[in-house]
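All chains, please: the whole structure from these sequences, using the hints.
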Amino acid sequence: MTHSPDASDRSPVNQFFQSADDDLVPPPTASLQTGLAALKQGHYKKAIAHLEAVCQSALDEATHLKAQMGLIKAYEKTGDLKLAIALCKPLCQHSSERIKQWSQQALSQLELRAAQPPPPAEVAPAPDPPPASPAPTPQVPDATGFMPLAAPASATQRQRVEWPAGGGTQIQSTSTQIQPSQISEVEPAPSSSPAPQTPPFPTESGSSDEIAAYPAELELPPESDRPPEEHGFAWRNGGRAQKWNALLPDKGQWVETWMIQGLTAIALVLVLRGLLQGIVIIAHSLRNLVTTLLYQQRYGFPSTGFLWWVVPIVLLLWAIAPWVMTGMLRWNYGARSLSNEQLEQSSPESLRLVKRLCNRERCPRPHMLWLPATAPITLAYGHLPYTHHLVISQGALDQFADEELASLVASNMAHILQRTNPLMTLLAVIIQLPYLLYWKCAVWGDRLAIPVVNLPFVFLSFIGYGLYRLLRYPSLWLSRYRIQLSDRLAANETGNPNALSRALLKMSLGMAQDIQHQTHTPHGLESMDLLMPISYRSALSLSGASNLSTLESILTWEVQNPHRRWLSVNNTHPPLGDRLLFLSRCAQRWQLSPECSLPSPVAPTLRLSALLRQAAPFVGLPIGVMLALALWGLGLVADWMRWDPLIWLWGDRPLMYGLGCIGCAIGLILRVNPMFPDITRQNSAINPPLPDLLTTAPPLPLTGHPVQLYGKLLGRPGWSNACEQDLLLQTESGLIKLHYLSPLGATGCPHRAIQNIVTITGWFRRGATPWIDVDRLQIQGRSSIKSGHPIWSTLAAFAIAFLGIWIIIRGIG
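With the working numbering, you'll find the sequence shown wraps up at 826, consecutive numbering, no jumps.
No lab work stands behind these hints: they were computed from the structure.
As the structure is a computational prediction, the values presented were derived from the model and not from experiment.
A couple of the hints might just be wrong.
In silico DSBU-like links for lysine-lysine, alpha-carbon gap of 30 Å or less [claimed, not checked]:
id	residue 1	residue 2
1	Lys-799	Lys-725
2	Lys-264	Lys-90
3	Lys-58	Lys-256
4	Lys-368	Lys-256
5	Lys-750	Lys-799
6	Lys-58	Lys-113
7	Lys-453	Lys-725
8	Lys-264	Lys-113
9	Lys-59	Lys-95
10	Lys-95	Lys-264
11	Lys-113	Lys-53
12	Lys-90	Lys-53
13	Lys-113	Lys-59
14	Lys-264	Lys-368
15	Lys-95	Lys-53
16	Lys-95	Lys-113
17	Lys-59	Lys-90
18	Lys-90	Lys-58
19	Lys-90	Lys-113
20	Lys-725	Lys-750
If you anchor each label on the Cβ, the simulated ranges turn out as follows [what the hints assert, rightly or not]:
id	residue 1	residue 2	range
21	Asn-769	Val-268	51 to 61 Å
22	Lys-750	Gln-106	25 to 35 Å
23	Pro-658	Val-466	53 to 63 Å
24	Pro-658	Ser-697	49 to 59 Å
25	Ser-613	Met-272	47 to 57 Å
26	Leu-276	Val-466	44 to 54 Å
The beta carbon of each residue, even a glycine, is placed where N, CA and C say it ideally should be.
Dropping the structure here:
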């Protein structure tokens, strides 16, 4: 395989998802009859313009086939044999025998002509007699020589035409795909030279001036003869490139990658140090409280200089991170070694890809592990050449085709080749430790089942989950960034962006199905999402898609939401719609029909008014800090002017911390009423389909839509769900995440109603992932459980405000 870099592929990272220009503009009033009439009159350029537009927009398969076959004749007349052959090859695999026979005869004539050098213009060979065609059912031809073609039972079975960025035409059949190698194999004669007379297409009337008559109807195979569709989807099965121009790295990509990793490492150290400092402050305050009550004695604030020992501790943990991760996977998730022979049985291309990349980079092959998980999972970790591991689950081996698994393997190998795995492995191990504390302590709390004895385990479980959620934040930026790089490299190495698109969609659907089958979120999906190609949270949004068009409608909301990048700040992965759109652009650039048909994206924007409403608490924090800096300036002036009462303001860090907390609290209070409007029968949607909610959601989650949904409550049982962190509603149209906060004085907890039929009333929101803020949960045959989102939001605001006041008064900083 030869890659020839294309200079036009250079683009900065912030233009990563922008599409290429499309030079082809179809006529505004394209018509099949106009195109066929132009073809009969010899106006081939006009016919091509109309027929290409009809192929793109026609919903009826009969119309689409007529336009496609007319294009074959027009391209043949203009000497553009490569496009004529490309259009003809898919029809050779058509389900209708008569269309298949026509296309095979036409293809043989086109290939015979293309294989011969063009003779001199003055020499025109006599045409051979046309081969006999089978006698069709008598039909009445129209004015242009076409026989009527009955429409099929479903318009969704028609062939699709995608228009690549370069202006070429790429046709995808329902049964076959065209690959660029099929087009580049033949070089047509220049259209400016007079083309020799070629054997005519087989026709019913024997006239070589008309296109062959079409079958009277398009037969579809019976349901029993059709192959089973994965996940209930009829995938387009877009083709792969055989020769392609590799996408060049963005300018400054390596500098940006190392800069992001450096900032991530600094953020990790600061978060760990701040966490330890908070523990020291809490311990010191508790000791002073006890000694004051018992001995009337107080201790001074201890020195925190020793906390910088966190740096060598982190370095030591980085050194042993791969072995720690391997032990966790083996002991907690049942991972086992995966041999080359076992991988080759499921995906020979994956093994060949790993060998090729490692030989090219002169690095050892990664160790391969197998996970006995039914969810389709792939991930990679390690830091040094001999410590890299590639993990593939049984669900991935079962659910992915050969080329799809190979594309995911290429995506994981990209993390190794781009040197982002060492730091990400450390981050994954650090968040695994508190997660294991949460998981195992919750299990022991359930086993003891004694209210007093199990309290320490329950408390440690709460602490572990809170630390897990906190320690994820330093890794989010790097995680999103490296996913973008891996998609690019995987498409470059395989030449198959369509396979990666299908793999990402199938992984999302497979995760959602696994959660639904197990009736809760498996611990492996939650704890390992930092290393996976897809987050299980974003996978839930696709669980309601029953077909590919519905799935594309759900993803269209993402690519056309101008706030999608800002809404993904709290997520480990970039928006799936943007990723699929980028892969579609790669397919179009390489003259392939894309797997997903998504509209042009709306450029991400930062609207100040929207940001102030949505992120009021986070905006209030820097406003409070800026106010503190202004007071610092006032203190500096007081120091110059010798105003002793105000000199203390200069450089007072507790003032900055306290005003930041107060600003955050004010933002929380201002956001409560807009987020939680009153729910009435008039403004509530009663049991709407989830795809409708997902496609019509407002662009910001601040605007909650009151809904009432009926379904089965899913989630983890026991103390592992004591914080209600894993609550899902299974409806007839998919899964939706639930957010519940128990109000003061509540008599019931939702996780005790798991596996019951419930009615949920709350506020539907869609950000990077969709969810419902529960207002009331009605268990069938029992009393309802009230949630307390507005109450807790208000209490949290006052608590943060009092914390800020206390910091200023006590001078803690």
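Now for the hints, and whether the structure bears them out:
1. Pair hint Lys-799 plus Lys-725 holds up; C-alpha atoms about 18 Å apart against a cutoff of 30 Å.
2. Taken as a hint, the Lys-264 and Lys-90 pair is broken in the structure, with Cα atoms around 44 Å apart against an allowance of 30 Å.
3. Note on Lys-58 and Lys-256: the hinted pairing holds, with a Cα-Cα distance of about 28 Å set against a maximum of 30 Å.
4. In summary, the hint linking Lys-368 to Lys-256 is supported, as the alpha carbons are separated by about 20 Å, within the 30 Å threshold.
5. Proximity of Lys-750 to Lys-799 is assessed by CA-CA distance (about 17 Å); at most 30 Å being required, the pair is judged to hold.
6. Under the criterion of a C-alpha separation no larger than 30 Å, the hint pairing Lys-58 with Lys-113 is consistent with the structure, at around 27 Å.
7. With a C-alpha separation of about 27 Å, the suggested pairing of Lys-453 with Lys-725 holds against the 30 Å cut-off.
8. The straight-line distance between the Cα atoms of Lys-264 and Lys-113 is roughly 48 Å, outside the 30 Å bound, and the hint therefore fails.
9. Between Lys-59 and Lys-95 the CA atoms are separated by roughly 19 Å; this keeps the pair inside 30 Å, and the hint holds.
10. The straight-line distance between the Cα atoms of Lys-95 and Lys-264 is roughly 35 Å, outside the 30 Å bound, and the hint therefore fails.
11. Between Lys-113 and Lys-53 the CA atoms are separated by roughly 23 Å; this keeps the pair inside 30 Å, and the hint holds.
12. The straight-line distance between the Cα atoms of Lys-90 and Lys-53 is roughly 11 Å, inside the 30 Å bound, and the hint therefore holds.
13. A threshold of 30 Å between alpha carbons decides the hint, and for Lys-113 with Lys-59 the separation of about 27 Å falls inside it, so the pair holds.
14. For the hint pairing Lys-264 with Lys-368, the CA-to-CA distance comes to about 28 Å; that is within 30 Å, so the pair holds.
15. In summary, the hint linking Lys-95 to Lys-53 is supported, as the alpha carbons are separated by about 22 Å, within the 30 Å threshold.
16. Taking the CA atoms of Lys-95 and Lys-113, the gap is about 19 Å. The hint holds against a cut of 30 Å.
17. Using a Cα cut-off of 30 Å, the hinted pair Lys-59 and Lys-90 holds, with the two alpha carbons roughly 13 Å apart.
18. Of the pairs offered as hints, the one joining Lys-90 and Lys-58 holds, with about 10 Å between alpha carbons and a cut-off of 30 Å not exceeded.
19. Taking the CA atoms of Lys-90 and Lys-113, the gap is near 21 Å; set against the 30 Å cutoff, the hint holds.
20. For the suggested pair Lys-725 and Lys-750, the alpha carbons sit about 12 Å apart, so the restraint of at most 30 Å is met.
21. Taking the beta carbon of each, Asn-769 and Val-268 are about 55 Å apart, inside 51 to 61 Å as hinted.
22. Between Lys-750 and Gln-106, the C-beta spacing of about 42 Å breaks the proposed range 25 to 35 Å.
23. Restraint check, Pro-658 to Val-466: a C-beta distance of roughly 57 Å satisfies the suggested window 53 to 63 Å.
24. At roughly 57 Å, the beta-carbon separation of Pro-658 and Ser-697 lies within the given 49 to 59 Å, and the hint holds.
25. The hinted window of 47 to 57 Å between Ser-613 and Met-272 is violated, with their beta carbons roughly 31 Å apart.
26. Take Leu-276 and Val-466: their Cβ atoms lie about 45 Å apart, and the range 44 to 54 Å holds.
Hints 2, 8, 10, 22 and 25 from the earlier list are contradicted by this structure; the remaining hints agree with it.
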